[in-house]
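Engineer: Here is what each chain is made of, one letter per residue.
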Amino acid sequence: MNREDFPMLSQDIVYFDNGATTLKPRCVIDSVVKYMSEHTSNIHRGDYNAAVITNKLYDDTRNVVAKFINCNPKEVIFTSGTTMSINQVVFGFMKKHLKKGDEVLLTRSEHASNVVPWIKLSEDIGIVIKYMDLNESYELTLDSVKKSITDRTKVISIAHVTNVIGDVRDIKSIGKICRDNNIYFCVDGAQSVPHMKVDFKDSNIDFLSFSGHKMCGPTGVGVLIGKINLLEKMDPLCYGGGMNNFFEADNSYELKDVPIKFEAGTPPIAEVIGLREAILYLESIGMEKIHEHEMKLKKYLISKLEKIDNIIIYNKNSNSGILAFNIDGVFAQDSSIYLNHYNIYVRAGNHCAKMLKDEIGIKNTVRCSMYFYNNYDDIDKLVDVLSNSKDIFKVVI
Amino acid sequence: MDSDLRREIILDNYQEPTNRGLVDDNTYLKTNTNSESCIDNLDFMMKIDNGVINDIRFDGEACAISTSAASIMIKTLIGKDIESAKNILNNYKNMLDDEDYDSDLLGELNVYDEISKQPNRKNCALLPYKAVVKMLGELEGYGK
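Chains A and B supply the protein sequences, listed in that same order. Going by our numbering, 250 is the number at position 250 of the first sequence; the sequence numbering is gapless. Going by our numbering, 101 is the number at position 101 of the second sequence; the sequence numbering is gapless.
Certain hints may be false.
Claimed, not checked - Restricting the straight-line Cα-Cα distance to at most 30 Å, the calculated cross-link-like pairs of lysine-lysine (DSSO-like) are:
(1) A:Lys147 x A:Lys357
(2) B:Lys30 x A:Lys354
(3) A:Lys56 x A:Lys100
(4) A:Lys357 x B:Lys130
(5) B:Lys122 x A:Lys354
(6) B:Lys93 x A:Lys357
(7) A:Lys120 x B:Lys30
(8) A:Lys100 x A:Lys34
(9) B:Lys122 x A:Lys363
(10) A:Lys394 x B:Lys130
(11) A:Lys176 x A:Lys289
(12) B:Lys75 x A:Lys390
No wet-lab data here; the hints were simulated from the structure.
Assemble the whole structure, with the sequences as input and the hints as a guide.
Structural biologist: Written out as structure tokens, the structure reads:
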């Protein structure tokens with residue numbers, strides 16, 4: 001779908017690394033170029049015409065995000081990306097509200113950004129991290145969630161869609177469990193918000209994080225959405241201009257209200273404007289349609305790969321456009337270099353999910369992650385090259 | 001070098017690398033390459049007696065280029081005194097950087113003489129170089 005909107009696709013490439021970052025459509029590129037060439041200005045303080053245009057676009061992005069995700073615009077904080085969003089929650093909120101011995105539930109398939117901050121918090125204040133069991137398909141079941149909860153559980157922090165297995169967690173049901181048990185529910189939406197409808201209110205999420213560049217937007221901008229009553233109790237991690245009402249020589253100061261108090265300094269204005277355009281663009285296609293398309297492609301890819309005898313697939317059943325595989329006996333990086341020889345772009349490695357090896361028994365995989373602009377031709381090219389991989393070393397050496 | 005011969009040497013060293021497998025011996029210098037790359041993860045250990053490299057061993061997961069380069073480098077360096085080893089390492093690095101080098105010193109390591117044209121593979125070929133330099137550096141400040 002919509003391939004003609006993407007300048008990168010005018011090259012002869014097959015782009016299957018959408019889990020890492022996505023291509024940018026012309027409308028997003030144009031909006032950023034327009035800001036830089038026609039109405040460059042800072043926000044909040046300008047009285048001139050260009051600043052009015054920029055302010056309007058920047059402020060309206062909060063409304064666009066709120067409508068897209070179903071939250072209040074005041075609950076939308078712009079960050080540098082998912083990693084910063086999660087760090088803001090862990091060190092701006094949890095550090096203040098958790099105490100020694102409180103339990104935080106994660107899984108072994110989480111991305112580093114949803115593990116390492118918690119490990120640091122554990123070092124800082126003595127919280128206890130526990131990993132909920134995954135089933136034989138490396139997925140998180142509701143039973144596993146329920147079984148893991150104790151009277152010390154204070155937080156469940158999980159990816160909505162994991163970035164290697166691509167399993168879609170039932171966040172609505174888990175959100176309900178969290179509400180019933182008085183547990184903070186943090187969702188890493190980096191791999192879900194770009195690909196399917198995510199509803200903040202309906203899923204009873206307390207904190208939702210995602211990145212702009214994985215959803216057709218620019219790098220350097222992400223979003224943290226938090227329930228307003230929680231954001232009011234959260235501390236900023238950055239202090240400075242734009243976020244204070246006043247400060248005096250006697251050390252008195254007052255911060256602005258949520259969400260502005262979390263956006264010290266000049267924010268990534270061009271990137272926020274690009275993100276606004278990206279969301280409007282995705283909405284014009286329709287999130288349901290995007291998800292359906294990816295699932296059709298994935299089923300088609302699996303049906304083809306299963307006919308090649310030296311391909312090992314790790315996540316056949318997961319309900320997203322992510323497929324992790326290896327060529328039997330070939331190191332994942334050699335496979336991705338082989339595919340690159342045919343201009344097929346995939347990712348090889350542990351994909352920052354370094355504990356997943358404990359579950360699937362292998363450290364590195366090739367990840368093919370799809371988006372709406374991929375098509376059946378892309379898959380046919382991938383399958384064709386993988387079918388002839390017996391001679392892989394003639395190509396990679 | 002003829003490309004079939006190049007491929008054969010690399011593949012042989014990838015599939016049956018020299019000195020793969022570590023030993024439990026505290027007299028070896030040790031290092032890991034995890035910090036150099038997110039994907040290759042090789043452990044190296046090296047034994048130096050009286051200024052001569054008597055043994056180098058390695059183990060772990062890595063791509064064809066890293067693994068074969070580890071194997072060939074081990075074969076090339078064992079038996080060399082530290083000064084000769086440094087000379088080989090410097091010339092190997094120069095070859096990968098597309099700078100002047102003495103190919104006579106490098107033996108089978110010459111199979112990587114075109115890696116400088118493939119920036120995405122250069123780091124793979126550099127992995128064992130970095131490991132050995134690091135261990136020598138711990139010994140006497142080399143490479144720092």
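Engineer: If a hint holds in the structure, say so; if it does not, say that too.
Structural biologist: A quick look at each hint next to the structure:
1. Simply put, Lys147 of chain A and Lys357 of chain A have alpha-carbon atoms about 23 Å apart, close enough for the 30 Å limit, and the pair holds.
2. About 23 Å separates the Cα atoms of Lys30 of chain B and Lys354 of chain A, which keeps this hinted pair within 30 Å; it holds.
3. Taken as a hint, the Lys56 of chain A and Lys100 of chain A pair is broken in the structure, with Cα atoms around 45 Å apart against an allowance of 30 Å.
4. With a C-alpha separation of about 26 Å, the suggested pairing of Lys357 of chain A with Lys130 of chain B holds against the 30 Å cut-off.
5. For a cut-off of 30 Å, the pair hint linking Lys122 of chain B to Lys354 of chain A stands: about 24 Å separates their Cα positions.
6. At roughly 33 Å between alpha-carbon atoms, Lys93 of chain B and Lys357 of chain A are farther apart than 30 Å, so this suggested pair is violated.
7. Between Lys120 of chain A and Lys30 of chain B the alpha-carbon distance is near 28 Å, which keeps this suggested pair within the 30 Å criterion.
8. Distance hint between Lys100 of chain A and Lys34 of chain A is unfulfilled; the C-alpha atoms sit about 50 Å from each other, more than 30 Å.
9. A C-alpha spacing of about 22 Å is found between Lys122 of chain B and Lys363 of chain A, which places the hinted pair at or below 30 Å, so the restraint holds.
10. With a C-alpha separation of about 27 Å, the suggested pairing of Lys394 of chain A with Lys130 of chain B holds against the 30 Å cut-off.
11. Between Lys176 of chain A and Lys289 of chain A the alpha-carbon distance is near 27 Å, which keeps this suggested pair within the 30 Å criterion.
12. For the given pair, Lys75 of chain B sits about 29 Å from Lys390 of chain A by alpha-carbon distance, which is consistent with the 30 Å threshold.
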